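Chemist: Starting from the known structure of chain A, fit chains B, C and D onto it as the hints suggest.
Residue numbers (the working numbering), protein chains in the order written: chain A, 70 to 263; chain B, 70 to 263; chain C, 70 to 263; chain D, 70 to 263.
Keep in mind that the hints were calculated from the coordinates and are not lab data.
Keep in mind that a hint or two might mislead.
Claimed, not checked - Just so you have them, the derived chain C footprint on chain B, three or more residues with Cβ under 8 Å:
id: 1; segment: 77-83
id: 2; segment: 89-103
id: 3; segment: 121-128
As the list claims (entries may be wrong) - Here's a subset of chain C near chain D, in silico, CB distances under 10 Å, partners left out:
id: 4; residue: Tyr-95
id: 5; residue: His-173
id: 6; residue: Gly-194
id: 7; residue: Phe-197
id: 8; residue: Ala-255
Unchecked claim - Computed cross-link-like contacts, SDA-like style, restricted to lysine to any residue with a CA-CA straight-line distance of at most 25 Å:
id: 9; chain 1: D; residue 1: Lys-222; chain 2: A; residue 2: Asp-208
id: 10; chain 1: B; residue 1: Lys-222; chain 2: D; residue 2: Gly-123
id: 11; chain 1: B; residue 1: Lys-101; chain 2: C; residue 2: Arg-121
id: 12; chain 1: B; residue 1: Lys-101; chain 2: C; residue 2: Gln-251
id: 13; chain 1: B; residue 1: Lys-72; chain 2: A; residue 2: Pro-144
id: 14; chain 1: A; residue 1: Lys-72; chain 2: A; residue 2: Pro-144
id: 15; chain 1: D; residue 1: Lys-214; chain 2: A; residue 2: Glu-96
id: 16; chain 1: D; residue 1: Lys-222; chain 2: C; residue 2: Lys-222
id: 17; chain 1: C; residue 1: Lys-72; chain 2: D; residue 2: Cys-219
id: 18; chain 1: B; residue 1: Lys-72; chain 2: C; residue 2: Lys-222
id: 19; chain 1: C; residue 1: Lys-214; chain 2: B; residue 2: Glu-97
id: 20; chain 1: D; residue 1: Lys-101; chain 2: A; residue 2: Asp-208
id: 21; chain 1: C; residue 1: Lys-222; chain 2: D; residue 2: Glu-212
id: 22; chain 1: A; residue 1: Lys-214; chain 2: B; residue 2: Met-70
id: 23; chain 1: A; residue 1: Lys-214; chain 2: B; residue 2: Ile-213
id: 24; chain 1: A; residue 1: Lys-214; chain 2: D; residue 2: Lys-72
All values derive from a computational prediction rather than experimental measurement.
The beta-carbon is built from N, C-alpha and C at its ideal position, and this holds for glycine as well.
4 protein chains.
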Amino acid sequence: MAKLFFRYSAMNAGKSTSLLQIAYNYEEQGQKVLLFTARIDDRSGLGVIASRLGLQRQAATFDTDTDFWALLSGPQRGSGAQPIACVLIDESQFLTPAQVRQLHRLANTVGLPVICFGLRSDFMGQPFPGSAHLLTLADDIEEIKTICACGRKATMNIRTSDSGERVREGEQVEIGGNKRYQQVCARCFYSGAS
Amino acid sequence: MAKLFFRYSAMNAGKSTSLLQIAYNYEEQGQKVLLFTARIDDRSGLGVIASRLGLQRQAATFDTDTDFWALLSGPQRGSGAQPIACVLIDESQFLTPAQVRQLHRLANTVGLPVICFGLRSDFMGQPFPGSAHLLTLADDIEEIKTICACGRKATMNIRTSDSGERVREGEQVEIGGNKRYQQVCARCFYSGAS
Amino acid sequence: MAKLFFRYSAMNAGKSTSLLQIAYNYEEQGQKVLLFTARIDDRSGLGVIASRLGLQRQAATFDTDTDFWALLSGPQRGSGAQPIACVLIDESQFLTPAQVRQLHRLANTVGLPVICFGLRSDFMGQPFPGSAHLLTLADDIEEIKTICACGRKATMNIRTSDSGERVREGEQVEIGGNKRYQQVCARCFYSGAS
Amino acid sequence: MAKLFFRYSAMNAGKSTSLLQIAYNYEEQGQKVLLFTARIDDRSGLGVIASRLGLQRQAATFDTDTDFWALLSGPQRGSGAQPIACVLIDESQFLTPAQVRQLHRLANTVGLPVICFGLRSDFMGQPFPGSAHLLTLADDIEEIKTICACGRKATMNIRTSDSGERVREGEQVEIGGNKRYQQVCARCFYSGAS
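This is chain A alone, in the form it adopts within the complex (with noise of 0.2 Å):
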């Protein structure tokens, strides 16, 4: 039976990268993949999935009206040419709880491998309503390392104003304006934290 798979890291950890790879290694055998991105994120071009690396590629999008289970579990998923073998979502924290519900069930009855990558935290260490609904219900589990600037292990975020202050409250989300965000160990996220 397929899973649902989650694949958590902090920022800047290689998350697009491995997304892109792993439908490198589905195409290679000549299997088809769908990749999904979130709508809300357009900082490198509407439906984008861009890699720090440098590689980037198209992607459909999704937001919070987006239905998994009318969109895949059907029998239009075989018909015609070949059938998914894998799909592939990058930005999951962004999914609501009910899309997590969806995929896990697609993933579960309809035998539908789901990959989904994400933030597990906000910058203030709260989760993001699809992260912490993945992390529920993901029937794999996987971090993505990566390092604090202290050389710890990053596993939480920070904000930081336009002068570079780090912020403490605020909306979860504010993608793009002129806010910073960086990955940082659970120390360092404490520090001077009252």
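Modeler: Below, chains B, C and D without anything else, positioned relative to chain A:
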């Protein structure tokens, strides 16, 4: 630096056995551990961590008012006698988000290792708040595996009524009472689902 | 498809406890398991799997002549009564490379899950042939963690003489006798090493 | 304390991509890395680490005479300019057992993290000496997953002749030449096996 560990599973995997084994491993090395379980779970007696294999042991209890930071971060931790080498918490799905944060900070700033054991999801496949925050913050996450009656890996739980019928709605927590829980694989979890 | 699992650790981690818990989990679901331990290891009596927590249970024994493929691949496996749902092997560092191959093939072609528990390295930090082949072929590898006297994770083992001195050379296997083994972290393992 | 990491996989999983991503992650933080690949593997040019996704980069080379302890344990490591934050080694199945021991000791006593990437088994399902010792000593082991043409996870490798026939015997290492390798799942590996 110490870590916050989360060992999650479905029902009946052996979480308490694993906790008692780790306590034994520490004590065999002459090190001191502190055990907690949820006050709400008194199936085996208040503050008793009991394994289905027949092992059991007394533990301190926590409820939603317990302040782990106040209890464990202070200088009294090492004063007098032997310092605590590790904190072990059973039934950690009942921790509050604030308590998970306290434990994460204890591990990463005070240097006290904390190992939490708990259920990942409830009988409706929804997150427990404690588990969702442990999955979001823990420095090390590992599944304790168990099996479904069908032979596949069990990752979900279901609740049945007195008459053995599956119950799909209700309060998240009903300890004791005459409800029953059973671990199932995701496929069995969705079978018959609308 | 079934898998060959390898659960490895240093000495005194709780391997036998974990094995007995898994056997219990299967049997609680009404499923049949087959337990093996090494004939060479008779510290707790021939064919006895014993946990330091006080649990113990009789098992079949294997030695270098045991042919797991002949024993378990045939139609007799399901004939008569209940088929075997899982094979559990303790002290699997003593398996031969050919036996590991048999077990890998059983899992992946016959569909019989096999879960092996064993030490990863000997007192000189050298591989056991059984463990090296399990690490090379197993479909799923997981460490059972334990701690060094210094508080770090123990991944290595040392042997001491009757007088408590560390012994750095000798036969790989000396069960019983008056030698003693102790798990240590890699740092303690190398301390004083030339 | 630093660790020796081993990231293993079958052929064509994306090991080199993953290595190059980690190097990038360190350098983006202003930290210095040292890259090695096997002198024996000159498919992409001597000392070139190349990813099937098109990325590539120059690296130092090692052969069986390289003494990593002599190279990296001394005070010169930090002298002059910036100290090395991490050593990354591709094609690490070609390390000798003694070299793996040097790297394990470097990580655990000198405190220099070492991340090795390599194949787990050869085309006959036998261990590479380097990989067997990495699996035996590494402080952290992780699989990089890839797929078989049949859709299952590939864990094994096969060699084929010029005419595309599977070859079951021969030298362990034949880089270049006109032999070909393909990753397969264990089930496909054993299919047609006597």
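Chemist: All hints are to be evaluated individually against the structure, with a verdict given for each.
Modeler: Here's how the hints hold up against the structure:
Under a criterion of three residues with beta carbons nearer than 8 Å to beta carbons of chain C, the stated coverage of the segment 77-83 of chain B is upheld, 3 such residues being counted. Only residues whose C-beta sits within less than 8 Å of a C-beta in chain C count toward coverage, and the segment 89-103 of chain B has 10 of them, enough to reach three; the restraint holds. Proximity of the segment 121-128 of chain B to chain C, defined as three or more residues with a beta carbon under 8 Å from a beta carbon of that chain, is established by the 4 residues found. Checking Tyr-95/C against chain D by beta carbon gives a least distance of about 23 Å; that is not within 10 Å, so the hint is violated.
Because the smallest distance between the Cβ of His-173/C and any Cβ of chain D comes to about 7 Å, under 10 Å, the interface hint for this residue holds. Residue-level restraint check for Gly-194/C holds (minimum Cβ-Cβ distance to chain D is 7 Å; threshold 10 Å). About 8 Å separates the beta-carbon of Phe-197/C from the nearest beta-carbon of chain D, less than 10 Å, and the hint is met. For Ala-255/C, the shortest C-beta to C-beta distance to chain D is roughly 4 Å, which falls under 10 Å, so the interface hint holds.
Restraint check for Lys-222/D and Asp-208/A: the C-alpha separation of about 15 Å stays at or below 25 Å, so the hint holds. For a cut-off of 25 Å, the pair hint linking Lys-222/B to Gly-123/D is broken: about 38 Å separates their Cα positions. In summary, the hint linking Lys-101/B to Arg-121/C is supported, as the alpha carbons are separated by about 18 Å, within the 25 Å threshold. Between Lys-101/B and Gln-251/C the CA atoms are separated by roughly 19 Å; this keeps the pair inside 25 Å, and the hint holds.
For the hint linking Lys-72/B to Pro-144/A, the alpha-carbon distance of about 47 Å lies beyond 25 Å, and the restraint is violated. Between Lys-72/A and Pro-144/A, the direct Cα distance comes to roughly 20 Å. Compliance with the 25 Å bound is thereby established for this hinted pair. Taking the CA atoms of Lys-214/D and Glu-96/A, the gap is about 15 Å. The hint holds against a cut of 25 Å. Using a Cα cut-off of 25 Å, the hinted pair Lys-222/D and Lys-222/C is violated, with the two alpha carbons roughly 31 Å apart.
The straight-line distance between the Cα atoms of Lys-72/C and Cys-219/D is roughly 17 Å, inside the 25 Å bound, and the hint therefore holds. Restraint check: the Cα-Cα separation between Lys-72/B and Lys-222/C comes to about 12 Å, which is no more than 25 Å; the hinted pair holds. The hinted pair formed by Lys-214/C and Glu-97/B meets the criterion: a straight-line CA distance of about 14 Å does not exceed 25 Å. Between Lys-101/D and Asp-208/A the alpha-carbon distance is near 36 Å, which puts this suggested pair outside the 25 Å criterion.
In summary, the hint linking Lys-222/C to Glu-212/D is supported, as the alpha carbons are separated by about 21 Å, within the 25 Å threshold. Between Lys-214/A and Met-70/B the alpha-carbon distance is near 17 Å, which keeps this suggested pair within the 25 Å criterion. Restraint check for Lys-214/A and Ile-213/B: the C-alpha separation of about 22 Å stays at or below 25 Å, so the hint holds. Between Lys-214/A and Lys-72/D, the direct Cα distance comes to roughly 14 Å. Compliance with the 25 Å bound is thereby established for this hinted pair.
Consistency note: the structure conflicts with the earlier hints numbered 4, 10, 13, 16, 20.
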